[in-house]
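Trainee: Whole structure, please, built from the sequences with the hints as guidance.
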Amino acid sequence: MAQRGRIAAGSAVLVAAAAALVLPDWIISLATIAFANGLVVLGLIVLWRAGLVSFGQALYYCIGAYAVALIGRANGVTDALLLMLIGGVSAGLVAFVVGFLLARYREIFFAMLSLALSMILYGVLVKAESLGSTDGFSVAAPTFFGYAPHQDKLLVALYWLVLAVCAIAAFLVDAYFRSLSGALAMPVRDNEIRVEFLGMSVSRLIHTKLVISGLLAGMGGALAALAIGHVDPNMSYWTTSGEFVFITILSGAGSVVPAFVGSLAFESLRSLAFAVLPQLWQMLLGSVLLLTILFLPLGLGSLIMRLRWRRRADAS
Amino acid sequence: MNAPILAVRDLGKRFGSMTAARDITVSVPAHQTVGVIGSNGAGKTTFINMITGHLRPTNGTIHFEERDITGLRSRRITAMGISRSFQVAQIFPSLTVFENMCAAAAVGRAPKNFMGHLYTPLRSRESVAETETLLELFEIARYRDTLAATLPQGVRKLLDIGMAVAGSPRLLLLDEPTSGISIEEKFDLMQVVMSALRSRKITVLFVEHDMEIVERFAERVLAFYDGTVIADGTPAATLADARIQTLISGPRGKGAASAIADV
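Which chain is which? The protein sequence lines are A and B, in order. According to our numbering, the residues represented by the first sequence are 1 to 316, in order. According to our numbering, the residues represented by the second sequence are 1 to 263, in order.
Because the hints were derived from the structure by calculation, they are not lab data. A quick note: this is a predicted structure, and the numbers were derived from the prediction, not measured. Hints are supplied without guarantee of correctness; some may be wrong.
[Unchecked claim] Residues from chain B that face chain A, not an exhaustive set, calculated with beta carbons under 7 Å:
1) 78
2) 79
3) 90
4) 94
5) 103
6) 106
7) 107
8) 117
9) 118
10) 120
11) 121
[As the list claims (entries may be wrong)] Some, not all, of what chain B presents toward chain A, calculated at C-beta under 7 Å:
12) 93
13) 98
14) 104
15) 109
16) 110
17) 122
[Said to hold, decoys possible] Just the calculated beta-carbon pair ranges, DEER-fashion:
18) B/144 - A/306: 20 to 26 Å
19) B/232 - A/96: 38 to 44 Å
20) B/115 - A/15: 32 to 38 Å
21) A/96 - B/116: 17 to 23 Å
22) A/307 - B/111: 36 to 42 Å
23) A/120 - B/132: 48 to 54 Å
24) B/187 - A/96: 51 to 57 Å
25) B/132 - A/239: 46 to 52 Å
26) B/54 - A/104: 14 to 20 Å
C-beta: ideal position from N, C-alpha, C; glycine also.
Mentor: Laid out in structure tokens, this is it:
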């Protein structure tokens, strides 16, 4: 992202933050969840660029969410920022450990193994009666550095926190994409032998990506838990992972901003589909996925690219 | 005389009961250009794979700049200054020529640790400058923005070798640099490669089947047969050896003899 892109993205964040003062509650709460999920999608994009598709990102999402809920229940910690960091770090640690295994696999084996790991967690949570089994349990209302808002104010405070976290994450991941470690994603996807003979360890490069994506998914899960006020084992179910992959296809892996635009588009679409076609909402989502793959194979992000090309073509 | 850049002693490799290489003792002084010849299965590639750490030798030692590198991992060896190119060019097909070379140049110049890889950008002023220099040096600058997947064979080979050079190696091993290249193009390609390597003062070992290329470009020839070196000397002397002619190169024509006269 060039300097101009960064300024544009920064302004967009400010506009989104200011919009909270005028928008109705239901839109703010929809956007909060959408942007929290956008963090998970950002993590998937990190992997996607190296040719890896994880069908088990719900593992880290769920760990982040349960970490928040459990710490809140056991120690009475309610500070939102601290809880989010705990959720992210817990998921990042798990990603670091399972990364030793996952970094050795590619393609469908990688996808299925990551799915299997998330389903193991699902199985454990469903059996764990002390954690509410399939019902899950609720999360206490968060505070912000001692400030304890209620209802409308809580909604807006949480929205701003999510927005700030997303902005920082997008900025850092964008810097990562330009670093040697991040920019070698495409070379890794293309030809691992050559990357090794340039003197870089492919498995370490992939392991790094796994930890980054786990960390992001954990933070996303933690923020979602705070926003929803409840956690349950479905957060680790494979359909949750599938949804994240869906949003990633919708967004495209070209840059960082589309992760959040795509996530917002998906949540809006789902609400719309649910309101318009309560019986057939999944069919509508499926059709959108189909149309995206057919007509926008590089995702929403490629729309901006096309616009830029057209402008350049007009100029010359 | 200076210490050799590469010193190999009693090197051998067995796969079960099969001996792929045995009793190889060779020492190469810096800045020499060495041609490696031998029929298929004679142990040339096994020899190269042992030096680059791709295969672990069963016995013997390898010293590079007086440091023992026997059995080290290939990444360590690359970092120490030995690089290689491949019989089938190993490039990144969905990136452009510039992006291919820039990735190699950036890795070559980055600090060799985890944090270094996180804070060094791929496209820095230095890596881009080095990329442009290498593209000029290997005469592929006009393909700069072409996708590597669509390149003609000769350009692929040049890109592959250029990427090996981007890490600033002191010793470069070329595994059949002219394989898959038409006879008319071979000499031009080798000319570009050799003058580029000479300008960077790189010691070269190249595996080659075409004896005219060997005579024209090598200062010294190692002839492999049955897993070991059976002759080691100047191209003229080695290729004139009746035994080498029977076992490896075949009887030489008049054309080859006059080619030596030019050199």
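Trainee: If you check the beta carbons of residue 120 of chain A and residue 132 of chain B, does the distance land in 48 to 54 Å?
Mentor: Between residue 120 of chain A and residue 132 of chain B, where Cβ atoms are some 51 Å apart, the hint holds.
Trainee: Take the C-beta atom of residue 307 of chain A and the C-beta atom of residue 111 of chain B, compute their distance, and say whether it sits inside 36 to 42 Å.
Mentor: Since residue 307 of chain A and residue 111 of chain B have Cβ atoms about 39 Å apart, the given range 36 to 42 Å holds.
Trainee: Can you let me know if the beta-carbon spacing of residue 187 of chain B and residue 96 of chain A is within 51 to 57 Å?
Mentor: Holds, since residue 187 of chain B and residue 96 of chain A (Cβ atoms, about 53 Å apart) stay within the stated range.
Trainee: Next item in the hint list is residue 121 of chain B. Is there a CB on chain A closer than 7 Å to its CB?
Mentor: Hint holds; residue 121 of chain B Cβ to chain A Cβ min 5 Å, cut 7 Å.
Trainee: In this structure, is the beta-carbon distance linking residue 115 of chain B and residue 15 of chain A contained in 32 to 38 Å?
Mentor: 36 Å, holds
Trainee: Per the CB criterion, is residue 120 of chain B less than 7 Å away from chain A?
Mentor: Status holds, d = 5 Å.
Trainee: In this structure, is the beta-carbon distance linking residue 232 of chain B and residue 96 of chain A contained in 38 to 44 Å?
Mentor: Between residue 232 of chain B and residue 96 of chain A, where Cβ atoms are some 51 Å apart, the hint is violated.
Trainee: Is the shortest C-beta separation between residue 122 of chain B and chain A less than 7 Å?
Mentor: 4 Å, holds
Trainee: Hint validation: residue 78 of chain B versus chain A, beta carbon distance must be below 7 Å. Holds or violated?
Mentor: Where the cut-off is 7 Å and the nearest Cβ of chain A is about 4 Å from residue 78 of chain B, the hint holds.
Trainee: Would the hint on residue 110 of chain B be counted as holding, given a Cβ-Cβ threshold of 7 Å to chain A?
Mentor: 5 Å, holds
Trainee: Can the hint on residue 117 of chain B be confirmed by a CB-to-CB distance to chain A that is less than 7 Å?
Mentor: With a closest approach of 4 Å, the residue 117 of chain B hint holds.
Trainee: Per the CB criterion, is residue 106 of chain B less than 7 Å away from chain A?
Mentor: 6 Å, holds
Hints 13, 15, 19 from the list above are not met by this structure, while the remaining hints are.
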